[in-house]
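Chains as they are written, first to last, in my numbering: chain A, 462 to 1506; chain B, 6 to 362.
Hints in this document: simulated from the structure, not taken from any laboratory. Any given hint might turn out to be false.
For lysine to aspartate or glutamate, the following EDC-like pairs were computed, each having C-alpha atoms within a straight-line distance of at most 20 Å [said to hold, decoys possible]:
hint	chain 1	residue 1	chain 2	residue 2
1	B	K116	B	E154
2	A	K1461	B	E9
3	B	K307	B	E190
4	B	K115	B	D296
5	A	K1073	A	E1028
6	B	K123	B	D105
7	B	K80	A	E1428
8	B	K137	B	E72
9	A	K467	A	D537
10	B	K39	B	E23
11	A	K667	A	D845
12	B	K137	A	E1414
13	A	K1201	B	D55
14	B	K233	B	D350
15	B	K151	A	D484
16	B	K157	B	D230
17	B	K131	B	D144
18	A	K979	A	E878
19	A	K667	A	E849
20	B	K80	A	D484
21	A	K1201	B	E9
Restraint ranges, calculated between C-beta atoms of paired labels, are given here [said to hold, decoys possible]:
hint	chain 1	residue 1	chain 2	residue 2	range
22	B	V40	A	E1208	22 to 32 Å
23	B	K119	A	L485	22 to 32 Å
24	A	V478	B	D36	34 to 44 Å
25	B	Q26	A	N509	32 to 42 Å
26	A	G1198	B	K119	36 to 46 Å
Going by beta-carbon spacing under 7 Å, a handful of chain B positions derived as facing chain A [what the hints assert, rightly or not]:
hint	residue
27	E9
28	D11
29	V14
30	G15
31	T17
32	D60
33	R66
34	L75
35	T77
36	L85
37	L86
38	Q165
A virtual CB, placed ideally from N, CA and C, is assigned to each residue, including glycine.
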Amino acid sequence: MPGKLKAKIVAGRHLPVMDRASDLTDAFVEVKFGNTTFKTDVCPKSLNPQWNSEWFKFEVDDEDLQDEPLQITVLDHDTYSANDAIGKVYIDIDPLLSCEAATVISGWFPIYDTIHGIRGEINVLVKVDLFNDLNRFRQSSCGVKFFCTTSIPKCYRVVMVHGFVEELVVNEDPEYQWIDRIRTPRASNEARQRLISLMSGELQRKIGLKVLEMGGNAVLGYLQCFDLEGESGLVVRAIGTACTLDKLSSLPTAVLPACNSPSREMKESPLAQAPSHGCRSSHNSPVHSAAAASARLSQGFSVSVPTLIFTGMGSGGSAGKDGGPLKTLLRQQTQSALEQREFPFFTLTCFPPGFLIHVGGVVSARSVKLLDRIHNPDEPETRDAWWEEIRQEIKSHAKALGCHAVVGYSESTSICEEVCILSASGTAAILNPKFMQEGCLDSYSEHRLEDPAPPSCGFCHIPYDELNMPFPAHLTYCYNCRRQKVPDVLFTTIDLPVEATVMGKGSLIQARLCRLKKKAQGEVNATAISNLLPFMEYELHTQLMNKLKLRSMNALFGLRVQISVGENMLVGLASATGVYLMALPAPGGIQIAGKTPSDITYEQHISNMQKKINDTISKNKDLYEVHPQEIIEEVIGSPIPESRQRSRLFRSHSESSDEVSELDLSHGKKDAFVLEIDDTDAVEDIHSLLTDAPMPSGFYSCNTEIMPGIYNWTSSLQMFTSVRVFRLNNVNLTNQGLNKIFNDLCENLLKSLYFKLRSMVPCCLCHLNFAVAVPEEELIQVAVTAVAMTFDKEQAQENFKANMEKAIMKVISENEEQLQFPLELCTETPAPQPFSPSKGTGHQDGGGIHTSARATSVDYSSFADRCSTWIELIKLKAQAIRRGSIKTTASQEKGSPLPEGRSRSLRCMRPFPSSTVSVVKMTPLSFLPGTRIIKYLGIINMFFIRETTSLREEGGVSGFLHCFIAEVFAMVRAHVAALGGNAVVSYSMKECVFMENPNKNQAQCLINVSGDAVIFVRESEAEATAAAPQTSSMQNLSGAAEANA
Amino acid sequence: MSVELDVFVGNTTIMDEEVYQFWLDGYTVNDAVKVRMEGGVLEEYEASTDVLLSDTMDQFRTFQMCERLLHTPAKLANQLLFQIPPHRQTMLIERYYAFDNAFVREVLGKKLSKGTKKDLDDISAKTGITLKSCRRQFDNFKRVFKVVEELKGPLVENIQQHFLLSDKLARDYAAIVFFANNRFETGKRKLQFLSFQDFAFCAGQLISNWTVGAVDNMVEDMDVDLDKEFLQDLKDLKILINDKDLLDQHKSLVCTALRGKTKVFNEMEANFKTLSRALVNIAAKLTNTKDVRDLFIDLVEKFIEPCRSDRWTSADVRLFLTYYTNSARTLDTFRHQVTWDRYMDVIKSCILKMYHD
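Model the full assembly from the supplied sequences, consistent with the hints where possible.
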């Protein structure tokens, strides 16, 4: 009997009128947990009843505590007929089971009915007394903390990262049971809500058990999804990263200099980038034999479509050998640490500096399956096997890239009737072995000081063997350290690492694509889909690449490719945030080549287009403040002979005409990207390139946690969800027509968002998350969730200057006293590390300084670390002189969020008039600017169904959905407030399934949301201690770097 | 090809004041879009008509969902559905309860019944205010009326407390409720020159001096009903005109005082008896409900118009009324000073407020 759950019903308010005669309600409440039910007295004739009940006590197993929600039903007492239900509240008890999270749940909860929506509110108090259970064989995992956040939560430190955890549970969907024919829609919806609540409780408990087995106490980057497979059942699955976390009892500045300041700094640090250079040519095997073979699983039919998007510029050859011969000792080490794990995957997207050593590129795999009824819910082997297969594939792709781990890993599905596309993607990477070793790592934040401090460019360096590349790539020496090879383009699924040196600002880049497909059934359908997939991926990749070039950028972060399947089409949407990484070569322009140069009008047409493109490029350069320095190239020379060759996209037979290539010179001597217009497709492509409307001034957008180049956020933010459904009435659509419609849909949606949020300018839409679906034939649904955050332009300038000076000073001092720092360091962070920090990485990344140099990306700091050999020194002298004159626009970098933080919080201190409802902020990011999160209260994971049989009366589909989304927000806020929190971070809407039947005046919608409930305080309130953390951390970092060199 | 569904929901509810006003004014979505386009929002943000349409629809929908809450503004602060910062809540309420002067002039003093509601089409046609907006305003009047009707305590405070309105707006509503309850005639052609604010001022005077609440502040309807006893007492004032001596004495006191101070002295002297009779007769008749309703028309017909035709300036009127009131107090045989002051203070300020073109 390891737990006692106590609940008290205090009062209700704003109840609906249930008795027409008196215009009043005789309300009472049923409180149910497991199979036990208690009732309150009836509070007669009141719309604001005061029950003030006794404490209802439930004595239960902790296993049940984890699985079951507390169910509160408000009813209207009726003497003669059956009592009418007013609505329900489900309360997840889980946050009370961990001693560090919430201790009591107390507050007003909206009373929710699946037919009528919110009907009044109820005030409830819930507590749990837990007894210690020392049973080794227990089935519960109370106390394991779950975080949706994909970085290391503020106010915790990571003792150890254990790795990937996954689990899935299946059940029959109540909506498809025979009984559904005879029960009311309400009963059916409630059965579904309850079942899903139970299943996610169970899932969480099981994952918790796995974590305990591994010796961890927390799951980061917890991602739970539902697959509504219809007839064949309901799958709830989750993945996450098991860790051992330690709570930082206080937040003294001295202890963790870097992280508490603008706590934000840490989180952004995810670093990884995957060099996906070039067009993902190496799609190596569109439906190749291996896949087909593995596809034949026991149940029916399935095809797996391996799609490995790693990169490689140039036309696509096949290529891919998996032989990434181990390059260094380091790799062997790490490998062994990771090899014991079945799947060396990490759902995190932000990492502490030093965690990522190299990033190989994006790896992804998709597989098309035919769904079959799940016969035995207790043995979900089929689904397990499907995912197992995909993960193996991802693992082998990563290996082919010479990487031993996958970071920023995620999984998703798209289901249409009985066809299901399973997708997984991540970023292949080489990790620092230290983080995987027991006990060697006290906390990311502290220990990064002792890392061999890889240079800021380290993660860009290729992890694979240059002579034995998995795909044709175009390598140059790193533009930062000049020692290692880097690809010319890098694609990743993670956030921009903190240490990355970036020029200018980032930009949201989207590739959009529709493909028609014949309607079909069963295997034929699955085959058709799997045949289309590789082409879609190829085109999405091409679009991304073109748009990247158009913005003069060379890397993508947070790449997310969704392919949704409908009855007669496939919709693909790839979103990412483009940036210009200083370590990678500057991208060349885009050059158009005509196929028939003889025709004059045609040539004119082409040169017009070329001009437009060139104009756009130069406009974009200004807009994003990207001004690559061409000179660099000359000094360095081209390390690789082929680099002078033109790389081509699209099969090109004719060389570009002279005229055109001259135009191209305006974009520098770099290789241009040649677009050949040899068919209408290409024209379309170019056209769509140019139709992306520019953002209105004052706006920026990205889909990552943080916008590179903006660091002075104010505290004002607005999280929003926008949903659009588009009906295609045209029966005879072509692929092009469809593409245009879809493209317009997305563009218009963005335009609407900019317009809506115009009062927040200057502002950035962060974490723009698009979800596409094809709910019915001829319908395309796009749902967007993001947060708009304002920033301060003027402040930026000042801070930037300050940072610059600081950075320069520091670099100078470092150069003078190179050897001193390591010693100082040790005293500052006393915990010695079992591993010698310099062991593996030393020779590879040797002497990078880097983080400090970020603010002044072009100046002497990077110079300093290059001086390790005298030859380079000579080379660089000339360069340094030139650089002295370089404009410094590039550098509003991440220097110090701190000073901004301070002033920012001041301005947000304006007092608010009191209201009985406390304000709860919501954001898809893991932080709130200008604030510090002081406590994580537990995970919020809610699932709601809403249905109506009076669609017109509720304002049509828009009215219905608008109201429902507002209700979902309200319920999330109420739960957070009841836990004592004032914000939800890492919020996401993972599912929004909308179905309508206007003829019957009906509609139904399912929404699943999740996030982390937190308490934050304004930075100004907690600031006294935060003196100059940033400076010290920088020094430490660079000091460590020198130790190594 | 069409957008089937289009919604935008912010964690903090986004509301544009301009669009809110269009909604309050009863514009259709399309009309609002048209006006907004002309207003030039488009150029600033390079938005297309679609963008505006989508934004306007979204906001109209939001307002519609909020409307239920605005009917009981106290709920707005307690509800969980919309997260609206307090200053925005205040704005929403204040604007929702705001009304058009043109509209209120039409309805002022009428019974807030279904019958009147049916006439809203005509009012809408006459004033150019959309029917939807007329309905909203009418329903607001009625709602406020119903709520405060049965409450004890001061009218303005009750309105403020239940509807969270600003002081100014609460006072206006008090006037509307007061007029509706006493059914004062305000619609006659002769009264057309008076604005709502003129009447609101008079209502304020009447409420604070002539109602039950002016003497006892814990009675039901205290601020809405006139003090019957007081009205009865007013009959006693007739002595001022019925007693020939008293009337002459009164006249000579006033004339002595005013001689040389006004250009219209002769007219004043000639009309003194008529004016005095008019004012006292109005007082004496107030026991009849019918005559109460005609209070304002009587004041205009019997006092304001004669003065105006003799070209009195407002300063003249002020001077006259001041001495007229004060000298009655000094009449030896006049024993109703208290009633007289309570009556004349109100009448004087009302006439002065109403004495304009």
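Now the hints, each set against the structure:
Restraint check for B:K116 and B:E154: satisfied, since their Cα atoms lie roughly 13 Å apart, inside the 20 Å limit. With a C-alpha separation of about 16 Å, the suggested pair A:K1461 and B:E9 falls inside the 20 Å cut-off, and the hint holds. Distance hint between B:K307 and B:E190 is fulfilled; the C-alpha atoms sit about 15 Å from each other, no more than 20 Å. For the given pair, B:K115 sits about 15 Å from B:D296 by alpha-carbon distance, which is consistent with the 20 Å threshold.
About 38 Å separates the Cα atoms of A:K1073 and A:E1028, which puts this hinted pair outside 20 Å; it is violated. Distance restraint check for B:K123 and B:D105: the Cα-Cα separation of roughly 19 Å lies within the 20 Å cut-off, and the hinted pair is therefore satisfied. Among the hinted pairs, B:K80 with A:E1428 is consistent with the structure: their alpha-carbon atoms are about 16 Å apart, no more than 20 Å. A distance of roughly 13 Å separates the Cα atoms of B:K137 and B:E72; the hinted pair therefore holds under the 20 Å criterion.
Between A:K467 and A:D537 the CA atoms are separated by roughly 24 Å; this puts the pair beyond 20 Å, and the hint is violated. The suggested pairing of B:K39 with B:E23 holds, with an alpha-carbon distance near 13 Å, which does not exceed 20 Å. Restraint check for A:K667 and A:D845: satisfied, since their Cα atoms lie roughly 14 Å apart, inside the 20 Å limit. Simply put, B:K137 and A:E1414 have alpha-carbon atoms about 18 Å apart, close enough for the 20 Å limit, and the pair holds.
Between A:K1201 and B:D55 the alpha-carbon distance is near 17 Å, which keeps this suggested pair within the 20 Å criterion. For the proposed pair B:K233 and B:D350, the alpha carbon gap of about 18 Å is at most 20 Å, so the pair holds. This hinted pair checks out: B:K151 and A:D484 have alpha carbons roughly 16 Å apart, not beyond 20 Å. A distance of roughly 12 Å separates the Cα atoms of B:K157 and B:D230; the hinted pair therefore holds under the 20 Å criterion.
A C-alpha spacing of about 19 Å is found between B:K131 and B:D144, which places the hinted pair at or below 20 Å, so the restraint holds. Annotation: proposed proximity of A:K979 to A:E878 holds, straight-line Cα distance about 14 Å (limit 20 Å). Our distance criterion of 20 Å between C-alpha atoms is met by A:K667 and A:E849, whose separation comes to about 18 Å. Proposed proximity of B:K80 and A:D484 is supported: the alpha carbons are some 18 Å apart, at most 20 Å.
Among the hinted pairs, A:K1201 with B:E9 is consistent with the structure: their alpha-carbon atoms are about 18 Å apart, no more than 20 Å. Distance hint for B:V40 and A:E1208: a CB-CB separation of about 26 Å, consistent with the stated range 22 to 32 Å. About 25 Å separates the C-beta atoms of B:K119 and A:L485, a value consistent with the hinted range of 22 to 32 Å. In this structure, A:V478 and B:D36 meet the distance hint of 34 to 44 Å, their C-beta atoms being roughly 35 Å apart.
With their beta carbons about 33 Å apart, B:Q26 and A:N509 fall inside the hinted range of 32 to 42 Å. Our hint of 36 to 46 Å for A:G1198 and B:K119 is violated, since their Cβ atoms are close to 56 Å apart. Checking B:E9 against chain A: minimum C-beta separation of about 4 Å stays under 7 Å; hint holds. Because the beta carbon of B:D11 sits about 5 Å from the nearest beta carbon in chain A, less than 7 Å, this interface hint is met.
Hint status for B:V14 relative to chain A: holds, with the closest Cβ pair at about 4 Å, below 7 Å. Restraint check, B:G15 versus chain A: the minimum CB separation of about 4 Å is within 7 Å; hint holds. Restraint check, B:T17 versus chain A: the minimum CB separation of about 6 Å is within 7 Å; hint holds. A hinted interface residue such as B:D60 counts as satisfied when its beta carbon comes closer than 7 Å to some beta carbon of chain A; here the least separation is about 6 Å, so the hint holds.
Taking 7 Å as the C-beta contact cut-off toward chain A, the hint placing B:R66 at the interface holds, the least distance being around 5 Å. Evaluation of the B:L75 hint against chain A yields a violated restraint, the C-beta minimum of about 14 Å exceeding 7 Å. Given the 7 Å rule on beta carbons, the hint for B:T77 is violated: about 9 Å separates it from the nearest Cβ of chain A. A hinted interface residue such as B:L85 counts as satisfied when its beta carbon comes closer than 7 Å to some beta carbon of chain A; here the least separation is about 4 Å, so the hint holds.
The interface hint given for B:L86 holds, since its Cβ lies 5 Å from the closest Cβ of chain A, which is under the 7 Å cut-off. The closest approach between the C-beta of B:Q165 and any C-beta of chain A is roughly 16 Å, which is over the 7 Å cut-off, so the hint fails.
Hint compliance for this structure: hints 5, 9, 26, 34, 35, 38 are broken, all remaining hints hold.
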